[in-house]
Amino acid sequence: GNSVTQMEGPVTLSEEAFLTINCTYTATGYPSLFWYVQYPGEGLQLLLKATKADDKGSNKGFEATYRKETTSFHLEKGSVQVSDSAVYFCALSLNYGGSQGNLIFGKGTKLSVKP
Amino acid sequence: NAGVTQTPKFRILKIGQSMTLQCAQDMNHNYMYWYRQDPGMGLKLIYYSVGAGITDKGEVPNGYNVSRSTTEDFPLRLELAAPSQTSVYFCASGEASNYGYTFGSGTRLTVV
Numbered sequence: 285g286n287s288v289t290q291m292e293g294p295v296t297l298s299e300e301a302f303l304t305i306n307c308t309y310t311a312t313g314y315p316s317l318f319w320y321v322q323y324p325g326e327g328l329q330l331l332l333k334a335t336k337a338d339d340k341g342s343n344k345g346f347e348a349t350y351r352k353e354t355t356s357f358h359l360e361k362g363s364v365q366v367s368d369s370a371v372y373f374c375a376l377s378l379n380y381g382g383s384q385g386n387l388i389f390g391k392g393t394k395l396s397v398k399p
Numbered sequence: 028n029a030g031v032t033q034t035p036k037f038r039i040l041k042i043g044q045s046m047t048l049q050c051a052q053d054m055n056h057n058y059m060y061w062y063r064q065d066p067g068m069g070l071k072l073i074y075y076s077v078g079a080g081i082t083d084k085g086e087v088p089n090g091y092n093v094s095r096s097t098t099e100d101f102p103l104r105l106e107l108a109a110p111s112q113t114s115v116y117f118c119a120s121g122e123a124s125n126y127g128y129t130f131g132s133g134t135r136l137t138v139v
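Which chain is which? The protein sequence lines are A and B, in order. Residues are numbered in my numbering as their position in the first sequence, beginning at 1, plus a constant of 284. Residues are numbered in my numbering as their position in the second sequence, beginning at 1, plus a constant of 27.
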């Protein structure tokens, strides 16, 4: 079946450290891939996306590259800030008829950044 | 720009009671979704709709019902609430599958 696996948290980093959150997927066809962020007490917000192989999504210093050969979409940021503390969700959306574009989520990775 | 509006934000129900979670969007999106979020489990799709008058079950539909009489509104009905329905519920809407979705701020429901 279709699924998303992301690294378990929590992840605790010091400010200005490098961040990687791993995400791999299993899907039939050619999914679109997303990273969503959830700040405490809030809903999910779209952080970045990629719709085809080798696409790189980027936003707010975060980036992720759609790797079809390794079925991965790892999230990276070169220098994290305390304000990046949140839960990050990797997700995929299937683009073929019948799927209706439903998002399939990973379980989320909680990031805490210490000053 | 209201986006996706969910009401109420919090609710406590007794076992066996019923309630409707409201969701409204003002972006003229055809696609709308209801997810539940349980700790450490990510989000699970309950029901979705691809347009007014069209709804279908997601991964975890048991104990819930939906309707979509207008493009804007997509209420979720809980009949005979059970403790297993204690969760945070998110409504989302979107234009197409590869655009990403806009989420509401959620409804935290506790069934006691």
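In short, the hints are calculated from the structure, not lab data. Positions of the beta carbon are idealized from the N, C-alpha and C atoms, including for glycine. Treat each hint with caution, since some may be false.
A few chain B positions that, by computed beta-carbon distances, are all more than 12 Å from chain A [what the hints assert, rightly or not]:
#1 Val31
#2 Gln33
#3 Lys41
#4 Gln44
#5 Ser45
#6 Gln49
#7 Leu72
#8 Ala79
#9 Gly80
#10 Asp83
#11 Gly90
#12 Asn92
#13 Ala109
#14 Pro110
#15 Val115
#16 Gly121
If you only want the chain A side, here are some residues facing chain B, beta carbon under 8 Å, derived [as the list claims (entries may be wrong)]:
#17 Glu300
#18 Leu303
#19 Tyr323
#20 Lys340
#21 Leu387
Once the Cα atoms are required to be at most 30 Å apart in a straight line, the calculated BS3-like pairs of lysine-lysine come out as [said to hold, decoys possible]:
#22 B/Lys71 with B/Lys36
#23 A/Lys344 with A/Lys398
#24 A/Lys361 with A/Lys336
#25 A/Lys391 with A/Lys344
#26 A/Lys344 with B/Lys71
#27 A/Lys398 with A/Lys336
#28 A/Lys336 with A/Lys391
#29 A/Lys340 with A/Lys398
#30 A/Lys361 with B/Lys84
#31 B/Lys41 with A/Lys336
#32 A/Lys394 with B/Lys36
#33 A/Lys398 with A/Lys352
#34 A/Lys391 with B/Lys36
#35 A/Lys340 with B/Lys71
#36 A/Lys394 with A/Lys352
#37 B/Lys41 with B/Lys84
#38 A/Lys344 with A/Lys361
#39 B/Lys71 with B/Lys84
#40 A/Lys340 with A/Lys391
So, going through the hints one by one against the coordinates:
no. : hint                   : result
1   : Val31                  : violated (8 Å)
2   : Gln33                  : violated (8 Å)
3   : Lys41                  : holds (25 Å)
4   : Gln44                  : holds (25 Å)
5   : Ser45                  : holds (24 Å)
6   : Gln49                  : holds (15 Å)
7   : Leu72                  : violated (6 Å)
8   : Ala79                  : holds (15 Å)
9   : Gly80                  : holds (15 Å)
10  : Asp83                  : violated (7 Å)
11  : Gly90                  : holds (19 Å)
12  : Asn92                  : holds (18 Å)
13  : Ala109                 : holds (23 Å)
14  : Pro110                 : holds (22 Å)
15  : Val115                 : violated (9 Å)
16  : Gly121                 : violated (7 Å)
17  : Glu300                 : violated (29 Å)
18  : Leu303                 : violated (20 Å)
19  : Tyr323                 : violated (11 Å)
20  : Lys340                 : violated (15 Å)
21  : Leu387                 : holds (6 Å)
22  : B/Lys71 with B/Lys36   : holds (19 Å)
23  : A/Lys344 with A/Lys398 : holds (19 Å)
24  : A/Lys361 with A/Lys336 : holds (21 Å)
25  : A/Lys391 with A/Lys344 : holds (22 Å)
26  : A/Lys344 with B/Lys71  : holds (27 Å)
27  : A/Lys398 with A/Lys336 : violated (35 Å)
28  : A/Lys336 with A/Lys391 : holds (23 Å)
29  : A/Lys340 with A/Lys398 : holds (28 Å)
30  : A/Lys361 with B/Lys84  : violated (37 Å)
31  : B/Lys41 with A/Lys336  : violated (47 Å)
32  : A/Lys394 with B/Lys36  : holds (23 Å)
33  : A/Lys398 with A/Lys352 : violated (34 Å)
34  : A/Lys391 with B/Lys36  : holds (23 Å)
35  : A/Lys340 with B/Lys71  : holds (27 Å)
36  : A/Lys394 with A/Lys352 : holds (25 Å)
37  : B/Lys41 with B/Lys84   : holds (25 Å)
38  : A/Lys344 with A/Lys361 : holds (9 Å)
39  : B/Lys71 with B/Lys84   : holds (11 Å)
40  : A/Lys340 with A/Lys391 : holds (22 Å)
The structure fails hints 1, 2, 7, 10, 15, 16, 17, 18, 19, 20, 27, 30, 31 and 33 (numbered hints given earlier, in ascending order).
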